[in-house]
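Colleague: Chains as they are written, first to last, in the numbering used here: chain Y, 1 to 281; chain A, 1 to 540.
Hints in this document: simulated from the structure, not taken from any laboratory. It is possible that part of the hints are untrue.
Quick list of in silico lysine-lysine cross-link-like pairs, DSBU-like style, CA-CA up to 35 Å [as the list claims (entries may be wrong)]:
1. Y:LYS223 / A:LYS447
2. A:LYS447 / Y:LYS278
3. Y:LYS206 / A:LYS404
4. A:LYS404 / Y:LYS211
5. Y:LYS108 / Y:LYS150
6. Y:LYS119 / Y:LYS206
7. Y:LYS206 / Y:LYS150
8. A:LYS447 / Y:LYS251
9. Y:LYS278 / Y:LYS223
10. Y:LYS214 / Y:LYS251
11. Y:LYS127 / Y:LYS240
12. Y:LYS278 / Y:LYS240
13. Y:LYS278 / Y:LYS150
14. Y:LYS127 / Y:LYS115
15. Y:LYS244 / Y:LYS150
16. A:LYS447 / Y:LYS127
17. Y:LYS108 / Y:LYS211
18. A:LYS377 / Y:LYS115
19. Y:LYS224 / Y:LYS115
20. Y:LYS275 / Y:LYS115
21. Y:LYS251 / Y:LYS217
22. Y:LYS224 / A:LYS377
23. Y:LYS251 / Y:LYS240
24. Y:LYS244 / Y:LYS206
25. Y:LYS278 / A:LYS404
26. Y:LYS275 / A:LYS377
27. Y:LYS115 / Y:LYS211
28. A:LYS377 / Y:LYS244
29. Y:LYS206 / Y:LYS127
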Amino acid sequence: MPLWFCDLAGFISGRHNRSLLKEHLKNDSMRQPNAADLLIKMKSKEAFKVTYRHHLIKRTCLIIMVISIAFLFLVRLDMPNESGTPVSHKEESIYPIAIQGLRLQSFKGSRETVKAVAKELKVNPRKFFVFNIKPFNELTINNVTMEFYKSEEGQSGIDIGKTFDNFSTQSNEKSFSSKGFESGALNAGLITRGVINTLILIIHDKYGLSKVVKAPKAYLNFKKDEVIFLDATVKDIATKQIIKSRKMVFKNGGNEIRVPGSYVLLSSAGSQRGKGLKINL
Amino acid sequence: MERSRKIFFLAFILLGFLNLIIGCSKPEYEGQKGGGGGGGAPAATGEVSGSVGGTTVIAVADGDIVASQDTSGRIPDVDNDGDLIPESFSFTLEDIPLGRDIRIYLVVKGEIFPLYFDSDGDGTPDTNVFSLASETSVSLGFIDINNAGQDGKAIPQNNPTDNGAVSAGAEATDYPVILNQPDTSGLTLSQLLTEGLDAVKDGWVLRAKTYFAAAEALAGASVSNDADTARFFYALTRVAALGANSYSDGILGNGLNMIGDILDAFGCPTEDTRRSTIDGISFPDPLPGNSPDAPALHGFLYNVVRPEIEGAISNLGAVSPAFYREWTEPNDDEIVESDYGDVLFFKASFEAVLAYIFTQNAYTLNGDIDDIKNNAKTIQQVLVDQPALLTLSSTYVGDLISAKAAFDDSLVDFDAAIDWMDGEVDFQDDDFVNLSESTPEEIIQAKADIFDARTSLYGSTMVNDNGSDPTEGWVLDMSIFFAGLDLRSPNLIPAFSGNDPTGLFPDPTAAGVFGAGIDLNEDDDPADGTADILQQWLYY
């Protein structure tokens, strides 16, 4: 199959995305850290470096596991597995990272650029069918609201991934579960993906509130540096139009959401269907 | 299409696995130190020191390992970023011989980074060889493996030639054989396992495989936990090594016998130093016009990967239920346990991979890879260009019989793995593979699904009716698929627009594979002329 090769090439050439991710790690200018933050920052950076360094390995492992049990998935026909929040029947937390009640504000000079809150951020084991394999984890973030204030020049892109990076580095020691804390080094294992349960993205432009994006589920694709919104809606405040789609894709650092498949446009004139769309934020 | 891509990946999966299991070293190379010799006064030597982010540092002189230091298990003791929090590890390599070509390597989670420095003052690291003229202490400062534009290289904060006793040598892009193929002669089974597990700890697959292969051979048919340990880790590392052996053999056109040959054939730089790390590997753009085509890669999968998978399954099949071993997995440097549940899990996984290899071999998988890559051809174009793509191959009857048997074996072993893990009474969160995130209800459901899947291999089966809502059941008959199902004649593939499927399935039953209770062409959400299930599969 010819596409094998496309994947083979991407498989290897895609490694260059690491440099992009490394940039993420280096750019922590969104806030002024305090001493406690620095400890977390250092450890989290190391964890993320490991994560990114082995992203291909992770992806490959993921694929092999998916292949191994794809037949079982076929029986259940419940693709994709969106059980982002696993149920644990253990009393002791096994999460290497677990942070509750996150808030983040970012400024450019005196101007606020990003404001974000999340109910919870944690790194939890990722299940393959019913199995957990020790180093494979996923990042889960629950109930996230992000507000981006675009500059008048409108030049700077929106970077959801970077905001999450800052989320992961901002907490304090007490937020970490005993395991991660006692280890002395924050080992987050191989984070194969990010799962967001309930994401609200609010965009302000120079005229005020501009657009609101809502998705009950979203995935962070670390390799592609993308956010995938599922069953999402985008509301344009000025026109009062709403676009709904099963899947929307946002490239971090960009200013548009891409709808690769079908969508429904709701407006005062009724509804209209279409395929393929780019929405400027 | 998607399935074929995934199947191809299995070879490289292994690559993933590979590194999953990957690991490496320890201060154990004393027995391998070369040079030296002779009696009398000890020869004058120098030392090299610095700090690293967590790794094994190895010094090689003319093909011999002369010094090494492993930072695993230590607490960071060097603060390089000035935040008063140590994040790096100091190291000192002693007894570095004088007057010999010295190369230093950092082994980090399975990747080998050669230390490079700038020998001519132009600001670009250009060599990895130096020598000491006299007794001295060379301070390298922090050695960074993440360097923009210098992927695959470890670059020190301080240039070693800043020390007047150090002179640069000509770059050596080959890797000393002893790194990946250490001498195992004379080692006992216990020693081989210790060395192998040390290599696993650093993700050093090829080195680990060398030790475990020797251990498995030495164990023979003996019955002991050490023998089982040898079999278990040889199985895992031999599969992992399929993807890890990315080095060039320096011979073009001698067939695709390892990943390194594939990289050679695609025109990738052949120097070892460009092959030992993921970032160091690069493909030319455009690809050479004589790059391997899809059948050639398929042949690699069938002729090279499959035998190793079968060998690994055989190794795992010889492990006794009493097997138990603690080891350090490389990603978190965390001690984990492996037992018979892991054996069953990996055996099932490898059997599933084997089933996919056989399944793939049952189909014609043509494709001019460089044409597709260089011209950015889409699935839509490929399906037009290759009318025989996904038709049954000449060997499909035997392949599908083998595939079906392997799938059945896999399902049996997955079921057994669940039973084994579910029956364990000790603390499970430190087990390498475990069920600790699954509820009893999920485990019951999984076993029911496995039963349904097995049954469907042999005939029409109502599946997915054993959950909370029995009305969700539908009929699946995989026996039709394994009897031979041509996907192009009659056509069973939906239309593609570019790389996205559009429209409906020509036959929503796939010649009877899918029966009552499921409609592949359901088109309600949204009702847009494209089967909903195709759009669901677009999900990440």
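Colleague: Compare the structure with each hint and give your call.
Modeller: Quick rundown of the hints versus the structure:
1. Pair hint LYS223 of chain Y plus LYS447 of chain A holds up; C-alpha atoms about 33 Å apart against a cutoff of 35 Å.
2. Restraint check: the Cα-Cα separation between LYS447 of chain A and LYS278 of chain Y comes to about 44 Å, which exceeds 35 Å; the hinted pair is violated.
3. Between the alpha carbons of LYS206 of chain Y and LYS404 of chain A the distance comes to roughly 62 Å, so the proposed pair goes past 35 Å and is violated.
4. For the proposed pair LYS404 of chain A and LYS211 of chain Y, the alpha carbon gap of about 52 Å is over 35 Å, so the pair is violated.
5. Proposed proximity of LYS108 of chain Y and LYS150 of chain Y is supported: the alpha carbons are some 11 Å apart, at most 35 Å.
6. Proximity of LYS119 of chain Y to LYS206 of chain Y is assessed by CA-CA distance (about 29 Å); at most 35 Å being required, the pair is judged to hold.
7. Note on LYS206 of chain Y and LYS150 of chain Y: the hinted pairing holds, with a Cα-Cα distance of about 7 Å set against a maximum of 35 Å.
8. Taking the CA atoms of LYS447 of chain A and LYS251 of chain Y, the gap is about 39 Å. The hint is violated against a cut of 35 Å.
9. Taken as a hint, the LYS278 of chain Y and LYS223 of chain Y pair is honoured in the structure, with Cα atoms around 22 Å apart against an allowance of 35 Å.
10. Distance hint between LYS214 of chain Y and LYS251 of chain Y is fulfilled; the C-alpha atoms sit about 16 Å from each other, no more than 35 Å.
11. A threshold of 35 Å between alpha carbons decides the hint, and for LYS127 of chain Y with LYS240 of chain Y the separation of about 40 Å lies outside it, so the pair is violated.
12. Simply put, LYS278 of chain Y and LYS240 of chain Y have alpha-carbon atoms about 17 Å apart, close enough for the 35 Å limit, and the pair holds.
13. Only pairs whose Cα atoms come within 35 Å are accepted, and LYS278 of chain Y paired with LYS150 of chain Y is accepted, the gap being roughly 18 Å.
14. Note on LYS127 of chain Y and LYS115 of chain Y: the hinted pairing holds, with a Cα-Cα distance of about 32 Å set against a maximum of 35 Å.
15. For the given pair, LYS244 of chain Y sits about 23 Å from LYS150 of chain Y by alpha-carbon distance, which is consistent with the 35 Å threshold.
16. Between LYS447 of chain A and LYS127 of chain Y the CA atoms are separated by roughly 16 Å; this keeps the pair inside 35 Å, and the hint holds.
17. A hinted pair counts as satisfied when its Cα atoms are at most 35 Å apart, and LYS108 of chain Y with LYS211 of chain Y qualifies at roughly 21 Å.
18. For the proposed pair LYS377 of chain A and LYS115 of chain Y, the alpha carbon gap of about 42 Å is over 35 Å, so the pair is violated.
19. Under the criterion of a C-alpha separation no larger than 35 Å, the hint pairing LYS224 of chain Y with LYS115 of chain Y is consistent with the structure, at around 24 Å.
20. Taking the CA atoms of LYS275 of chain Y and LYS115 of chain Y, the gap is near 33 Å; set against the 35 Å cutoff, the hint holds.
21. Taken as a hint, the LYS251 of chain Y and LYS217 of chain Y pair is honoured in the structure, with Cα atoms around 16 Å apart against an allowance of 35 Å.
22. At roughly 20 Å between alpha-carbon atoms, LYS224 of chain Y and LYS377 of chain A fall within 35 Å of each other, so this suggested pair holds.
23. Pair hint LYS251 of chain Y plus LYS240 of chain Y holds up; C-alpha atoms about 24 Å apart against a cutoff of 35 Å.
24. Of the pairs offered as hints, the one joining LYS244 of chain Y and LYS206 of chain Y holds, with about 25 Å between alpha carbons and a cut-off of 35 Å not exceeded.
25. In summary, the hint linking LYS278 of chain Y to LYS404 of chain A is not supported, as the alpha carbons are separated by about 45 Å, beyond the 35 Å threshold.
26. Restraint check: the Cα-Cα separation between LYS275 of chain Y and LYS377 of chain A comes to about 21 Å, which is no more than 35 Å; the hinted pair holds.
27. Taking the CA atoms of LYS115 of chain Y and LYS211 of chain Y, the gap is about 15 Å. The hint holds against a cut of 35 Å.
28. Distance check on the hinted pair: LYS377 of chain A and LYS244 of chain Y sit about 30 Å apart at the alpha-carbon level, within 35 Å; holds.
29. About 44 Å separates the Cα atoms of LYS206 of chain Y and LYS127 of chain Y, which puts this hinted pair outside 35 Å; it is violated.
Going down the numbered hints, you'll see the structure goes against 2, 3, 4, 8, 11, 18, 25 and 29, while the others check out.
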